[in-house]
Amino acid sequence: MSRPGSSLNEKRVKLNEDPGGDLSVFTKALTAAESPETRLLSAFNKDPHARKAYLAGREYYSEEGKTFELRLVRRIKQQLSADPTTRPEYPSSLGLTEFTRRATEVALGKSSRAIVENRVFGVQTPGFTAAVRLGAELLRHWYNVGADWCGPVYLSSPCHDSLAGIFQAAGIPDIREYYYWDDEQRGICLEKLLKDLGKAPERSVVVLSASAHYPTGADLSQNQWAMITKLVMRRRLFPFLLLPAQALCYGDLERDAWPVQYCASQGMELLCAQSFSHCFGLYGEAVGHLLCVLKQNSLLLSVQRQADKIVRSLWAQPSVGGAQVVATVLSNPAHLVEWKQELKSIVERCMLIREVLRERLRLLGTPGCWNHLTQQGGLYCFTGLNGEQVEFLSKRRHVYLLPVGCLNVSAINGRNLDYIAESIHLAVTTSI
Amino acid sequence: IATMSVFCEVPQAAPVAVFKLSQDFNNDQFPKKVNLGVGAYRTDECQPWVLPVVKKVEKIIVHDDRLNHEYLPILGLPEFRSSASKIALGDDSPAIQENRVGAVQCLGGTGALKMGAEFLRRFYNGNNNTKTPVYVSAPTWENHNAVFANAGFEDIRSYKYWDAEKRGLDFAGFLGDLESCPEHSIFVLHACAHNPTGTDPTHEQWKQIAETMMKRNLFVFFDSAYQGFASGSLDKDAWAVRYFVSMDFEMLCAQSFSKNFGLYNERVGNLTVVARDADNLKRILSQMEMIVRTTWSNPPSQGARIVAITLNSPELFTDWKDNVKTMADRVLLMRAQLKAKLQALGTPGTWDHITEQIGMFSFTGLNPKQVEYMVKERHVYLMTSGRINMCGLTTKNIDYVAESIHEAVTKVQ
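Protein sequences appear in the order of chains A and B. For the first sequence, the tail end lands on 432 under the working numbering, and the numbers increase by one without skipping. For the second sequence, the tail end lands on 413 under the working numbering, and the numbers increase by one without skipping.
Calculated from the structure, these hints are not laboratory results. By construction, the Cβ of each residue, glycine as well, lies at the ideal position given by its N, Cα and C atoms. Incorrect hints may appear among the rest.
[As the list claims (entries may be wrong)] Calculated lysine-lysine pairs in the DSSO-like style (CA-CA distance at most 30 Å, straight line):
| hint | chain 1 | residue 1 | chain 2 | residue 2 |
| --- | --- | --- | --- | --- |
| 1 | A | K309 | A | K230 |
| 2 | A | K309 | B | K376 |
| 3 | A | K28 | B | K215 |
| 4 | B | K32 | B | K131 |
| 5 | A | K66 | B | K55 |
| 6 | B | K131 | A | K28 |
| 7 | B | K32 | B | K369 |
| 8 | A | K309 | B | K56 |
| 9 | B | K166 | B | K321 |
| 10 | B | K282 | A | K46 |
| 11 | A | K309 | B | K160 |
| 12 | A | K28 | B | K86 |
| 13 | A | K28 | B | K282 |
| 14 | B | K33 | A | K309 |
| 15 | A | K395 | B | K160 |
| 16 | B | K20 | A | K295 |
| 17 | A | K309 | B | K369 |
| 18 | A | K66 | B | K20 |
| 19 | A | K52 | A | K344 |
| 20 | B | K411 | B | K341 |
| 21 | B | K20 | A | K309 |
| 22 | B | K166 | B | K339 |
| 23 | A | K66 | B | K33 |
| 24 | B | K215 | B | K160 |
| 25 | A | K340 | B | K59 |
[To be verified] Chain B regions said to be covered by chain A (calculated; three or more residues, Cβ under 8 Å):
| hint | region |
| --- | --- |
| 26 | 5–19 |
| 27 | 255–268 |
| 28 | 271–282 |
| 29 | 287–293 |
| 30 | 296–309 |
[What the hints assert, rightly or not] To give an idea of the interface, some chain A residues facing chain B are shown, with a C-beta separation under 7 Å as derived from the structure:
| hint | residue |
| --- | --- |
| 31 | H49 |
| 32 | A50 |
| 33 | Q185 |
| 34 | V320 |
The following block holds chain A by itself, in its conformation from the complex:
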């Protein structure tokens, strides 16, 4: 490659010598803060301790301590790779039709009135975050067009640390919190939650977790949902539901999606972001879905087309691999049975770990009440440990939890349970 001509070199030299001249056009790009997960994982990887345990991961870990593929998924992937009819073409921006159809049905139930009345559409997205982002963009552009709406959006306290950023990146700056987890009660405080939402301006968007709340694992009961939806409708708030791990909470597809079906049955309009990463072990495949339930089917085409337009400015089309697997399973009764069975064993294992951990802490005489461990469901567990205790765990015991005290239940297994229980006990009892 030829080197720059002399005239250009001179220019470079001039810039270098000029104290006011910017060397890079990107000097305003300061180093961004690492995500807490990244920092934690980094520290864990560098940790030489023999009994170190990483409990802050997002994926489901098997008893052997590895993220694994469901047996059924592996077989289907092999079948699909040998399929001579697959065509390498751009999929529709809205994704694979069979996938969106099944993803919609699995969230709303096949006989949902909204589906029957053709007031629902779904968009396949590259993962859960992308589904939330698409929903946020749709709201920013088309929610209450006439009123020039730009927020607020209410998120639970606590919630996933990217959520606020996603809405802001979509152009909605006004993000607020509603009370959710109560440290003392070690559960949801409905009273304060309703109070906060009661004060929300009309037309606010409220992000509600249908099941498997991250990071607390604490989900609303059916009674609580009834009260919240009454308020939402009365105050004309817009529900944006999150369904990140359907069937992984209670091992029951319908039960985990009940809030979505309930809201739809109340005639509400809603968005719902779904992920199939957890319940199919397809973490690397980014299989997400954004569900949109409208009040009138006359609007379906326009809203869907606008969603299509937005997709084209974000990622154009989603990737098909993972979606094909999900569609194949969800549309085949035999596969469905097998899949549900594999899921059931995952859920049962998580429930067992919760029980055993709670029991172990009781036997150790760890102060405090630990019932919340088994009252919560899903992969994640809000231990209720405070920042200092969490730091004690990582620094002195080499057991890594997320700073808010959330741990991934599946990362606990027969080999590390004792050590972890002991560590939690020490964290709580050792005065720092």
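Starting from the known structure of chain A, fit chain B onto it as the hints suggest.
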């Protein structure tokens, strides 16, 4: 249900032209219909083509027991990112050796453009670039505008590019725009096989473009969707990108592996970042991570794995280059044959541009009325702009298409 929908004022968006074209084609019952609007490769049997090397690698992946099933890192599969950047910049690129090249795995070329646009809006030349002009060629890929607009850029303009009369590059106009635009403007350049005109600047012209852009402090954002596909040679197709790197530009290059790997549905893209130095690179990538985290968080692994395994194995890499050449050669053959047939038919006008243009597309020069004739009377589907996809031509339909063009040109003014 008393209250109205909150979406009741949402207007109907216009359908995307190229997809509407495909739809109309699909609904057409005419037996000799031809689809020249599709944006993907087709074999001589008019079928999509799974590259043999891709089939091979897919088998390897699906039978690999040691495969990690976790989320990919936010910036993507490391071995994909580095090998993809090497493909664009060259193995021996001094910028790579100087540790100032990094990359972000993205959802296809579109995703790479999106990430680059979002980054530039926040961090190029200050912290708020909503008013910084972004220049795209006239004409350009129809989605460029939407990607930059959605990323927050309010001032998207076009730079002169296609000269309809001479059916070639309006180089003087292009340079003129480079000379007169506001300093620090962002320019989206097509690395090779310009879409939709198929007309690229010559090496000499690129040199002049580079000199002017350096002089006027303009930002270089390459869109590279056809590397290898245009001439059949990866290195030849990367000449412009590598030249700019050698001229010490800080730049972004959005790469797509949809066409050259036939991985349209796996969304394999890479945003290559060429920074001033390693420190700048580190800071840039940390900000890119933040942007990715609020868009798709973790990219899909399948396509990136296929590309990484291929690029990192000498044998598979050779296989791939052969597959790419197969596609490029078929396109070149169709170009040569179409031109020959039009000349044999005595179709008025010059048709040299068909073989002078490069890549998947050709700007025929047919006007909208002639295009309408082609579609309605001859059932040959092409874009209103006169753009045809050479891959839609086969040895079986090329006579019919040539005759149709001949009729369109002679019957319709």
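Quick rundown of the hints versus the structure:
{"no.": "1", "hint": "A:K309 / A:K230", "verdict": "violated (34 Å)"}
{"no.": "2", "hint": "A:K309 / B:K376", "verdict": "holds (28 Å)"}
{"no.": "3", "hint": "A:K28 / B:K215", "verdict": "holds (22 Å)"}
{"no.": "4", "hint": "B:K32 / B:K131", "verdict": "violated (50 Å)"}
{"no.": "5", "hint": "A:K66 / B:K55", "verdict": "holds (28 Å)"}
{"no.": "6", "hint": "B:K131 / A:K28", "verdict": "holds (17 Å)"}
{"no.": "7", "hint": "B:K32 / B:K369", "verdict": "holds (21 Å)"}
{"no.": "8", "hint": "A:K309 / B:K56", "verdict": "violated (35 Å)"}
{"no.": "9", "hint": "B:K166 / B:K321", "verdict": "violated (34 Å)"}
{"no.": "10", "hint": "B:K282 / A:K46", "verdict": "holds (20 Å)"}
{"no.": "11", "hint": "A:K309 / B:K160", "verdict": "holds (27 Å)"}
{"no.": "12", "hint": "A:K28 / B:K86", "verdict": "holds (27 Å)"}
{"no.": "13", "hint": "A:K28 / B:K282", "verdict": "holds (13 Å)"}
{"no.": "14", "hint": "B:K33 / A:K309", "verdict": "holds (29 Å)"}
{"no.": "15", "hint": "A:K395 / B:K160", "verdict": "violated (61 Å)"}
{"no.": "16", "hint": "B:K20 / A:K295", "verdict": "holds (28 Å)"}
{"no.": "17", "hint": "A:K309 / B:K369", "verdict": "holds (28 Å)"}
{"no.": "18", "hint": "A:K66 / B:K20", "verdict": "violated (46 Å)"}
{"no.": "19", "hint": "A:K52 / A:K344", "verdict": "holds (29 Å)"}
{"no.": "20", "hint": "B:K411 / B:K341", "verdict": "holds (18 Å)"}
{"no.": "21", "hint": "B:K20 / A:K309", "verdict": "holds (14 Å)"}
{"no.": "22", "hint": "B:K166 / B:K339", "verdict": "holds (17 Å)"}
{"no.": "23", "hint": "A:K66 / B:K33", "verdict": "violated (53 Å)"}
{"no.": "24", "hint": "B:K215 / B:K160", "verdict": "holds (19 Å)"}
{"no.": "25", "hint": "A:K340 / B:K59", "verdict": "holds (27 Å)"}
{"no.": "26", "hint": "5–19", "verdict": "holds (count 11)"}
{"no.": "27", "hint": "255–268", "verdict": "holds (count 7)"}
{"no.": "28", "hint": "271–282", "verdict": "holds (count 5)"}
{"no.": "29", "hint": "287–293", "verdict": "holds (count 5)"}
{"no.": "30", "hint": "296–309", "verdict": "holds (count 8)"}
{"no.": "31", "hint": "H49", "verdict": "violated (22 Å)"}
{"no.": "32", "hint": "A50", "verdict": "violated (23 Å)"}
{"no.": "33", "hint": "Q185", "verdict": "violated (31 Å)"}
{"no.": "34", "hint": "V320", "verdict": "holds (4 Å)"}
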